[in-house]
Amino acid sequence: MSAVVLKGAATPDALAARSGGGFPAVDALLEGVASAPETFVLDPGAAGIDWSVENRVRGLPNRARIKCWSPKEGTLLVWFYKRSALPWSVDRFSYGGVLVGRERVPPAAIDAWLRYQVGGFHPEQRPPGIRRSFPFDLPA
Amino acid sequence: MVAPLNPCELEIDLFCRGVRIDRSCSLEEDARVFRRTRAGLGSGLELVLPGGLKDIWMNAPVEEDFAQASPYRLVKEGARYLLLDERNSLRYPVRIPPEPAWYERRTTLGTPMQDVGVLQGTYLGIYISNSCGYWWMRGEGREALNCAFCTTGYNVGVNERVDKAVEDVVEVAAAAKAEGCTFTHFNTGFHGGRDLEMVAPYVAAVKERVGQLVGVQALPARPADYWKYDWLLDLGANHFSFCWEFQHPDWFARLCPGKRATLGQDAFFRALEYCQRKMPKGACSGEIIAGVEPIEWTLRAIDYITDLGAFPTVCIFRPCIGSDMEHVPSPRSEDMIGVMRHMYEACRRKGIPIGAAPNIEVSLIVQPDDARYLAPRDLRFWAQEARSWVVRRLAAPVFARELRPRAPKADPLHPPRPRPAAA
Ligand code: SF4
Chain B
1130 MSAVVLKGAA TPDALAARSG GGFPAVDALL EGVASAPETF VLDPGAAGID
1180 WSVENRVRGL PNRARIKCWS PKEGTLLVWF YKRSALPWSV DRFSYGGVLV
1230 GRERVPPAAI DAWLRYQVGG FHPEQRPPGI RRSFPFDLPA
Chain C
1304 MVAPLNPCEL EIDLFCRGVR IDRSCSLEED ARVFRRTRAG LGSGLELVLP
1354 GGLKDIWMNA PVEEDFAQAS PYRLVKEGAR YLLLDERNSL RYPVRIPPEP
1404 AWYERRTTLG TPMQDVGVLQ GTYLGIYISN SCGYWWMRGE GREALNCAFC
1454 TTGYNVGVNE RVDKAVEDVV EVAAAAKAEG CTFTHFNTGF HGGRDLEMVA
1504 PYVAAVKERV GQLVGVQALP ARPADYWKYD WLLDLGANHF SFCWEFQHPD
1554 WFARLCPGKR ATLGQDAFFR ALEYCQRKMP KGACSGEIIA GVEPIEWTLR
1604 AIDYITDLGA FPTVCIFRPC IGSDMEHVPS PRSEDMIGVM RHMYEACRRK
1654 GIPIGAAPNI EVSLIVQPDD ARYLAPRDLR FWAQEARSWV VRRLAAPVFA
1704 RELRPRAPKA DPLHPPRPRP AAA
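Line by line, the protein sequences are chains B and C.
With positions in the first sequence counted from 1, the corresponding number in our numbering is that position plus 1129.
With positions in the second sequence counted from 1, the corresponding number in our numbering is that position plus 1303.
If we strip away everything but chain B, and leave its shape as in the complex, we get (with noise of 0.2 angstroms):
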């Protein structure tokens, strides 16, 4: 895994601990951030790890984020969603996510979700496999 990966993030080993550690989807997300021509930038303060991206959308910053977070002994979500644009609300805006497990996940299923990020959630960029709904709520 890349030193560097995200803006504010911690040592590497920590950051995995934050979504249960142990899933290769998270190392392989990671050094696809840290290769990525974006800045990235991790929120410490959510669950899991909680990263967005530094670049406009149409003129506007881009609100979209994703999250990597274990529900479940074995079971990692990697979620796409906004959060709200009001300063005091903690809504928040799915665009669904991605269910793995211990399993390898292929370079171009990766790189597919972070060019969904980048681009903003775009509908014609939506990767294929993204769940809608989840029988768990997701913390903040």
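None of these hints come from the bench; they were simulated from the model.
Any given hint could be a false lead.
What the hints assert, rightly or not - With a straight-line cut-off of 20 angstroms between C-alpha atoms, the simulated SDA-like cross-links for lysine to any residue are:
id : chain 1 : residue 1 : chain 2 : residue 2
1  : C       : K1379     : B       : L1215
2  : C       : K1379     : B       : P1216
3  : C       : K1379     : B       : S1218
4  : C       : K1379     : B       : P1173
5  : C       : K1379     : B       : W1217
With chain B held as given, fit chain C with the ligand onto it using these hints.
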């Protein structure tokens, strides 16, 4: 100097451009919580735009990206809110409707009341199930057949109850009625043709135990099942609405793939025609979205609906955050003003009652009586105002009767014909 917009022009411009919220605002204390019901449309800020003819209730977009670039900024000065138009420094006073007291309460079963229903303007909207089958239906190379403008299928955990207990609904409707709400509107997504059976117990219970006007918005029944509308009328339903959204068949097919695949556009027309024939003028409505298909088709839809004697419910397209159409620009205000003026004129010409029902303000749309502000103040306008006044007076006792609890004339749990076999 730029002339200020009248309240309806302002309403339309706000629907098209959204609002930015200034730091001076304290909406977390002053406003209703935001609820993303009705396909995502309720995600905005409820506002009241005061005016001489009437006050206008609206749900102004605040979350979408286009709203972040809006020329309108909501500011708070002392205890007052106003909208500042930064293009010309015009200031419009507005009111922020407070949260109803019952939003904080729980039902006897322990359900938070705001998980059961939500006030949209002054009516109570109850989505009887927070799922819609189109989101789970694959086909035509798509992962889902949901309507392209809708966000219902995306949930972060569960922000509404999945199945609503009749008891909960009755208590919430009663709490809303105690604060002046006269109309409860039940809404469903696609449930494989069982939608009307699902809604029946709620309709009967609210009519019998609360006493309110009750509306039903569900996908249309097949002609062989039109008896279900008669049954719901016997249970006390006062209103049916049918949403085919786009009049042009190609736009309908492209943007409402589930509706096209399971029902077809004609099913909406035939069901509306059937129901409106059985009910007083203006009791049914056809719902369409303006600002996506070519305007002439929207005008054609309004003409078709009003020719039937039904009420046009015209929603200005909102590229809701999270929907497949999020990246589509919102429409131009000038175009929407033309559409709404046409809607008012069509209602006037065809004698569709405007603003007759007591205290029903729908914040998600431009109502025909909002559009009175767009009409020239000529003789025809004042004649129409006089007609509306007379209709309101004549209709008042009818509505008063409807607002008293009364026993249904049918059994909500046992339809008069056998239920169709489960799909
Ligand atoms: S019918 Fe269309 S608009 Fe209504 S809930 Fe289903 S997908 Fe959404």
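Notebook entry, point to check: Are the Cα atoms of K1379 of chain C and P1173 of chain B separated by 20 angstroms or less?
Noted result: violated (33 angstroms)
Check: Under the criterion that the straight-line Cα-Cα distance not exceed 20 angstroms, is the pair K1379 of chain C, P1216 of chain B satisfied?
Finding: Holds, at about 16 angstroms.
Check: Are the Cα atoms of K1379 of chain C and S1218 of chain B separated by 20 angstroms or less?
Finding: holds (18 angstroms)
Notebook entry, point to check: K1379 of chain C and W1217 of chain B: Cα distance at most 20 angstroms?
Noted result: Holds, at roughly 16 angstroms.
Next item on the list: Given the hint that K1379 of chain C pairs with L1215 of chain B, test it: the Cα-Cα distance must not exceed 20 angstroms.
Entry: holds (15 angstroms)
Comparing the model with each numbered hint stated earlier shows that hint 4 is the single one that does not hold.
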